[in-house]
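Between the sequences and the hints, there should be enough to build the whole structure, so can you do that?
Residue numbers (the numbering used here), protein chains in the order written: chain E, 118 to 1009; chain V, 118 to 1009.
What the hints contain is simulated information worked out from the structure, not anything from laboratory work.
Worth double-checking, as some hints may not be accurate.
Since the list gives no way to pick one copy over another, a pair counts as held whenever it fits inside one copy or between any two copies.
Derived DSSO-like pairs (lysine-lysine); straight-line CA-CA distance at most 27 Å [stated by the list, open to error]:
| no. | residue 1 | residue 2 |
| --- | --- | --- |
| 1 | K283 | K259 |
| 2 | K774 | K605 |
| 3 | K805 | K919 |
| 4 | K774 | K749 |
| 5 | K858 | K636 |
| 6 | K381 | K420 |
| 7 | K592 | K749 |
| 8 | K318 | K121 |
| 9 | K596 | K772 |
| 10 | K120 | K318 |
| 11 | K641 | K773 |
| 12 | K597 | K774 |
| 13 | K592 | K608 |
| 14 | K911 | K773 |
| 15 | K695 | K911 |
| 16 | K703 | K773 |
| 17 | K919 | K703 |
| 18 | K933 | K948 |
| 19 | K911 | K841 |
| 20 | K749 | K596 |
| 21 | K592 | K772 |
| 22 | K605 | K510 |
| 23 | K933 | K945 |
Quick caveat: nothing in here was measured; it's all calculated off a predicted structure.
Protein chains: 2
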Amino acid sequence: MAKKWVYLFEEGNAGMRDLLGGKGANLAEMVNLGLPVPPGFTISTEACLSFLANDFVFPTDLWSQTLDAIEILGEKIGRNFGDSKNPLLISVRSGSRFSMPGMMDTILNLGLNDESVIALATQADERFAWDAYRRLIQMFGKVVLDVEGLLFEEIIDKILESEGVKTDPEISPAGWQRAVEEFKKLIQRESEGSFPQDPWKQLELAIKAVFRSWNNKRAIDYRNATGISHGFGTAVNILAMVFGNVGWDSGSGVAFTRSPSTGKHDFYGEYLTNAQGEDVVSGARTPSEVHHLKDEMPEVWNKLLHIADTLEKHYCDMQDIEFTIERGKLWMLQTRAGKRTAAAAVKIAVDMVNEGLITKEEALGRIETDHIDHLLHPHLDERARARATMLAKGLSASPGAAVGAVFFDANTAEKKAKEEGMDVILVRPDTTPDDVHGMIAARGILTQHGGRTSHAAVVARQLGKPCVVGCEAIKINLKKRQFAVGEKIVKEGDIISISGRRGEVYEGSIPTVAPSFEKLNELKVILLWADEVSRLKVWTNADHPTQAARARNYGAQGIGLCRTEHMFLGEQTPKFQKAILAETEKEFQQVLDEILLPLQIEDFFGIFKAMNGLPVIIRLLDPPLHEFLPSKEELLVAVTRMEALNQTGPEYEQKKKLLDIVSDMSEFNPMMGLRGCRLGLTRPALNKMQVRAIFEAACDAAKEGVKVFPEIMIPITSHVNELKTIQPLLEKEAESVMEEKGIRVPYKFGTMIEIPRAALTADEIAQVAQFFSFGTNDLTQMTFGISRDDAERKFILDYIDKGILQNNPFQVIDEKGVGQLVAIAVEKGRKARPDMEMGICGEHGGNPASIDFFHRVGLNYVSCSPYRVPVARLAAAHAALRNSGKPTPQPE
Amino acid sequence: MAKKWVYLFEEGNAGMRDLLGGKGANLAEMVNLGLPVPPGFTISTEACLSFLANDFVFPTDLWSQTLDAIEILGEKIGRNFGDSKNPLLISVRSGSRFSMPGMMDTILNLGLNDESVIALATQADERFAWDAYRRLIQMFGKVVLDVEGLLFEEIIDKILESEGVKTDPEISPAGWQRAVEEFKKLIQRESEGSFPQDPWKQLELAIKAVFRSWNNKRAIDYRNATGISHGFGTAVNILAMVFGNVGWDSGSGVAFTRSPSTGKHDFYGEYLTNAQGEDVVSGARTPSEVHHLKDEMPEVWNKLLHIADTLEKHYCDMQDIEFTIERGKLWMLQTRAGKRTAAAAVKIAVDMVNEGLITKEEALGRIETDHIDHLLHPHLDERARARATMLAKGLSASPGAAVGAVFFDANTAEKKAKEEGMDVILVRPDTTPDDVHGMIAARGILTQHGGRTSHAAVVARQLGKPCVVGCEAIKINLKKRQFAVGEKIVKEGDIISISGRRGEVYEGSIPTVAPSFEKLNELKVILLWADEVSRLKVWTNADHPTQAARARNYGAQGIGLCRTEHMFLGEQTPKFQKAILAETEKEFQQVLDEILLPLQIEDFFGIFKAMNGLPVIIRLLDPPLHEFLPSKEELLVAVTRMEALNQTGPEYEQKKKLLDIVSDMSEFNPMMGLRGCRLGLTRPALNKMQVRAIFEAACDAAKEGVKVFPEIMIPITSHVNELKTIQPLLEKEAESVMEEKGIRVPYKFGTMIEIPRAALTADEIAQVAQFFSFGTNDLTQMTFGISRDDAERKFILDYIDKGILQNNPFQVIDEKGVGQLVAIAVEKGRKARPDMEMGICGEHGGNPASIDFFHRVGLNYVSCSPYRVPVARLAAAHAALRNSGKPTPQPE
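See the structure below:
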């Protein structure tokens, strides 16, 4: 039996999207619903794939099935395709599984030729006929025969000029007739063929052109960019023409069943009388608000409202529809899920659940994590942004928008912000812990160097500040207090605007639109539903009580990472330096006991209170000690200068001594150096002080009735013997504090899995550690052998450009490599300790694609920065739904 | 039925070593051979373990079985243990599976007491009797009752003084009688008990003391140090006493069946007439050469020779024996495989194969890899070394010994060596590629910093130069051209001696003993046998034709790693810098074509010729480019100084520009930076030039009749797409060179597996790469997350001290972690490409324990530095034998 390539609309349905494309399937569905759709049929995507695979030859029977279908169309309409007297006109439209702007779209009025245009002119209207014919030749020339579109426009321009008119609708029938002649000559000249007079030839070439357009460069680029498979192919939809431009009782329009901008349940759209669909969007005439139809064509209006309602209830989603009114009769040309803003998406989803149209799970499937991102961060006003001057583009490091005066050092930035109340953007070559007070004071951060996981980026995300990094186009001159972009100079105090989401820097002030989580009631509802379906919990990375409180407000169910070293940054750094520089063990211990211990207790106490009832994972000191000291290069420059100038007084001596200490501590590859538990094993007193602080705070809080669940995390473990050596020491300290305080609190000791060897030997490590937290930042660095501080700047972006990497592995977890290690560790860890708590606290904890992986691999929670918590909650729900086996709605 | 704890010698045999200990099993074996062994029995190691596990209580039946055995002994001798008139005297000796100096050894003359000593004095000789008794009390006091040995010696000293004599043998019977009295008082005073008069009590306590000695501190330390299990326990051997000190027809001796120093087939040893075994080794009297027995006691001599021959043929190994002659009758007290020097080990093994005593496989099992190491490298004369003053101890980085004058910079070192012919030791804080010419000129290298895989260490091994690194005790002052060790100052030009094998630095000149591979004929035979049984081939890491030729001479069967960057070091560096600093792509290409290409062709051509018929793996450029430029810090200092002094002329400008370039190239963690294929993907022209050079050289060599097998290795691969992008480009270049040259050569393209991700995704990578070479240095760094340049200096040694790590993972492969990745990669790689060539070219390729692992995991070859090739050949044979399932001889 011959394979079926061609489906009449009445043979299809919405479920056949893969075979018929989105447009074709929805047209079929509307026919099934009894809605007025022009007669038509769809040539399947399978036909396209066969054509492409077989040297551009139609598969057997395709053409004969097409002829049969065209005949049925003719019968329904009462016209014959190819007939010169009573011609059936058709449109040919592409339509793949997903809407794809890169592909050929539409050719109208197919079937006309030099003979039948005369018949049409006689039967209908002369101007209409010649206009229709020239439209056919123009579209056909452009999309089938590859003639440059501008050349057609030039011809029309000449005709406008010769007729002394301004717009196309004013052109006379004779003018359009002249256009037809000129167009035909143009095609003869510019293409290899000519415009075919045989309508069947027109049809064959049009179908082939649609098929071929699947593989044109724009389409391939688009699919590459959006991750759509190249193996789907496109369908071809053929419809009998209906005309909205045959009089004032005709028209065309597009509409949404609800507001795509606010989500309000209002029919919303525009239409033009006496016009075809393309005229509505071309801007030549201003379309009317669709509500005017109520007065102008009440019957059509009622029918349209009814159809909109039917479609929405049927599809259970807001629809974007196209319609044409031909002499008072309404025809539906398209329906599809409508694109919408973030706010609309959330409102529509919640409303539809309340209206009983969809389930909560379906509602969750309708919200994209980008929507939440967009809702929560201030962003530049779109219209103003479009008009503004972009100075440069860097890497989007932390979302949100900020406007402020440029300052080039943290101290000035802080001063201007605090003392003068200025909005400040801190601009630096890159940042170090020394700049953190300036970052806190600034509205946004811009760095010339560094990648998305550079210090600036990590801290900005932690602070929830907009941040653009790696913006190499700005050449900062710290001495002159300015940066240059090409010829343009931006001086200290000049205003710029940055979009952290887009990684863009603009000249001057652009208004920002700022949201408030408190007021986003529908979003809160959605997130509660998300929590109901998620299996992964969402915890947060928080180092201070205020961060903890904010994260909790955003719905965090625990702290997955409290970085104790962050407590020693900023104004506390000198105190910590005092410990590092202590000359005797006694002095060292004294600084720990008298200065650092009380500081840490205070912070921990605040965090425990904020997280009352929830677990708090506190990581012991992680970075190498030299990170807390001045940079070696700075000291080297200072000392060299003093030596050259013979300024060898006490200040010199002091600097020289510090330089010696820093030199001695410096490492070739500090990322893999003396840090984490390696440091703890070398100087246990530091870790002991930290554990004491945690338990003193926990016991004090518990005495006030706070429910505390401290979990102490030992970082940079690579060998179980490290834990076996340090953990008992620390457990003993914990026990003695509880003894002293006369109260017991539940606690755990566990470790980061951030070194490949730890993952590979997780079975051994799990015999000591009571929980695992995957540090996927470092794990990615070591599994790939790339340094995050260097790689983005040096080659990662180049790799993505060249297609060597699909994603930046610091943003989206590399499932095959890094993910494989996570999977190995989960399996081995659970084998040794089946009920083990496992989570992830790397940057990937806030990335939806990565969250999906963490769900699949069986973690208990992801931990991310407070501002990412809402996104992660939704992503966790998506992961649960996507992997439940139940179908989830595909985003359009 | 009661468990058997006690074995008469006639019930045991040499195969029961685990149960009876080495000494007991060999005594039993001698009895079975019909050799004259004093009657005796062994209490099993199982009894010891039971005793230790049960609160120091003898297991049921042990005591009664002992009594039975003692009775049998008495019957054989015609004396009764515990009898005061006719006492049976016995010795009690410990003896575990392996010989262990940490354990209690021997108590003689057990069974004597105040009564029976009188009987003995009457029957035998008064002096002998009292001497025997005091020996018992002295030994018993020391080893059973824990009385400090020195206190006994003090008493003897007093007696010597009071009798006015110098040596023990001169002491009168009355003197020894007095000693007995004093010893008993001493014991009363110093221990909790007293010397037991009841012989059965003596026996019980002695057995218990032997059992307990298994767990004394020295024994535990020894087992920890040598890797012997704590679970074996020790046996107790009880023998009827025979006496070599009962007249001039008596004596004791020790002997070897062949020379333990040269291996010559000569009976070799010493003896003393009228003496007990302990007197032979105590040095109080000078023993005679054992050959004198031939004249003194010809019958005994003949018997001894016959026994030696019997034992050697029976055990098929050189034996170390102890004997006693009691009134002309020869008794055998011990036999065991004799310890021997490296030279002896090799000669004995080869001779025994030729004599038909052992198989080649057995011969291989007799040679330790340390033997080869010792034979091939010059070493400090042992006697001279023992007398010399050690200045400091660092890390042993490259074996061998060197003596020379200290110089602190490479230029001076080179000048002194070349122009003045001086023997030079290069002493540096650490080395960089800039120092290589000095290292080449020096006899040896000493660095203050750095670990065993630091630049100095790696290059020294490559060069075969003795090297000590990480010698932190020497404080180098480059300005003063001296180093200090404590108070001691060593100035430029002063002579020192270093032992690379021991990691030691000595003041002054110590004679060295230097071997020559050419003359080590027996070793060559052994290594040929090794090659016959090995499955792993041994290749070499060689960067220059001379290295290649040397390695081939040592038996290398291919080059596993030719580091092309090493060709750019030393005097070639400026040429390579010219390429890096090129301002345009054109200039860059010009430097490549005109300067670097001819250089590389010449080197490759020489290497191909040297390796005629064997494969040569050439690795494309691996290190980051900034490694070839001056250091950033040096430039920073120079520029800062010039700025401070306002010396801003052209030299300043040049330095400043270079500083900018170096700063731009610098990386936070260069080990994980822009290097290897990442560099190749960024600047393909460099790799293309290298591939061109390889194939021009290969084609030219092939035209001369040389059989070339170039294999091009792409380093630092982490993702298959890297290979997919670069490899086709390079293959094309290879093809076009062969086209130009009009000749084809067989070739392969492959990759290093040195990044965890590459190992984890080896199945994908094997679809492109035609061979794998495991770079276990970098793989260890990234799997452990430790930087080799920092870790040894900062904490690895501390970890080994604390028992966190058993070995330095850069020396011995970490099987559980790094090895797991290797195993994963082998399995996945072979699944994708079953016949894939896989080898290892990291430092571990020359380490015997690691070679065993590489054998087990199924690699095809190990590649190591030329000087390690002989060691690796033997280790590969050992691995094959050890894992063949056939038993291999245990080293004593």
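Results for each hint:
1. Taking CA atoms no more than 27 Å apart as the test, K283 paired with K259 passes inside one copy only; the shortest distance there is 24 Å, against 122 Å between copies.
2. Within a single copy, K774 and K605 get their C-alpha atoms only as close as 43 Å, which misses the 27 Å cut-off; across copies the closest is 24 Å, which meets it.
3. Taking identical chains as interchangeable, the C-alpha atoms of K805 and K919 lie at most 27 Å apart only when they sit on different chains, with a minimum of 19 Å there against 49 Å within one chain.
4. In the homo-oligomer, the alpha carbons of K774 and K749 lie at most 27 Å apart both inside one protomer (12 Å) and across protomers (21 Å), since each shortest distance falls under that limit.
5. In this assembly of identical chains, K858 and K636 lie within 27 Å of each other by CA distance neither inside one copy nor across copies; the values are 43 Å within and 76 Å between.
6. Taking the shortest alpha-carbon separations for K381 and K420, only the intra-copy value of 21 Å comes in at or below 27 Å, while the best inter-copy value is 115 Å.
7. For a Cα distance limit of 27 Å, the shortest separation of K592 from K749 qualifies both inside one copy, at 24 Å, and across copies, at 21 Å.
8. With identical chains, the CA atoms of K318 and K121 are at most 27 Å apart within one copy only, with a shortest distance of 22 Å there and 105 Å across copies.
9. Taking the shortest Cα distances, K596 and K772 sit within 27 Å of each other both inside one copy (23 Å) and across copies (20 Å).
10. With identical chains, the CA atoms of K120 and K318 are at most 27 Å apart within one copy only, with a shortest distance of 23 Å there and 103 Å across copies.
11. Taking identical chains as interchangeable, the C-alpha atoms of K641 and K773 are never at most 27 Å apart, the minima being 57 Å within one chain and 57 Å between chains.
12. Taking the closest pair of Cα atoms, K597 and K774 come within 27 Å of each other only across two copies (19 Å); inside a single copy the shortest separation is 31 Å, beyond that limit.
13. Taking CA atoms no more than 27 Å apart as the test, K592 paired with K608 passes inside one copy only; the shortest distance there is 12 Å, against 50 Å between copies.
14. In this homomeric assembly, K911 and K773 come within 27 Å of each other (Cα to Cα) only across copies, at 22 Å, whereas the closest approach inside a single copy is 33 Å.
15. Only between protomers do K695 and K911 lie at most 27 Å apart by alpha-carbon distance; the minimum there is 21 Å, versus 36 Å within a single protomer.
16. Only within a single protomer do K703 and K773 lie at most 27 Å apart by alpha-carbon distance; the minimum there is 24 Å, versus 45 Å between protomers.
17. When the C-alpha separation of K919 and K703 is checked against a cutoff of 27 Å, the pair qualifies only between copies, where the shortest distance is 23 Å, while the shortest distance within a copy is 57 Å.
18. Within a single copy, K933 and K948 get their C-alpha atoms as close as 22 Å, and across copies as close as 17 Å, so both meet the 27 Å cut-off.
19. In this assembly of identical chains, the alpha carbons of K911 and K841 lie at most 27 Å apart only when taken from different copies (20 Å versus 39 Å within one copy).
20. For the homomeric pair K749 and K596, the shortest alpha-carbon distances inside one copy (20 Å) and between copies (21 Å) are both at most 27 Å.
21. In this homomeric assembly, K592 and K772 come within 27 Å of each other (Cα to Cα) only across copies, at 21 Å, whereas the closest approach inside a single copy is 30 Å.
22. When the C-alpha separation of K605 and K510 is checked against a cutoff of 27 Å, the pair qualifies only within one copy, where the shortest distance is 15 Å, while the shortest distance between copies is 61 Å.
23. When the C-alpha separation of K933 and K945 is checked against a cutoff of 27 Å, the pair qualifies both within a copy, at 18 Å, and between copies, at 13 Å.
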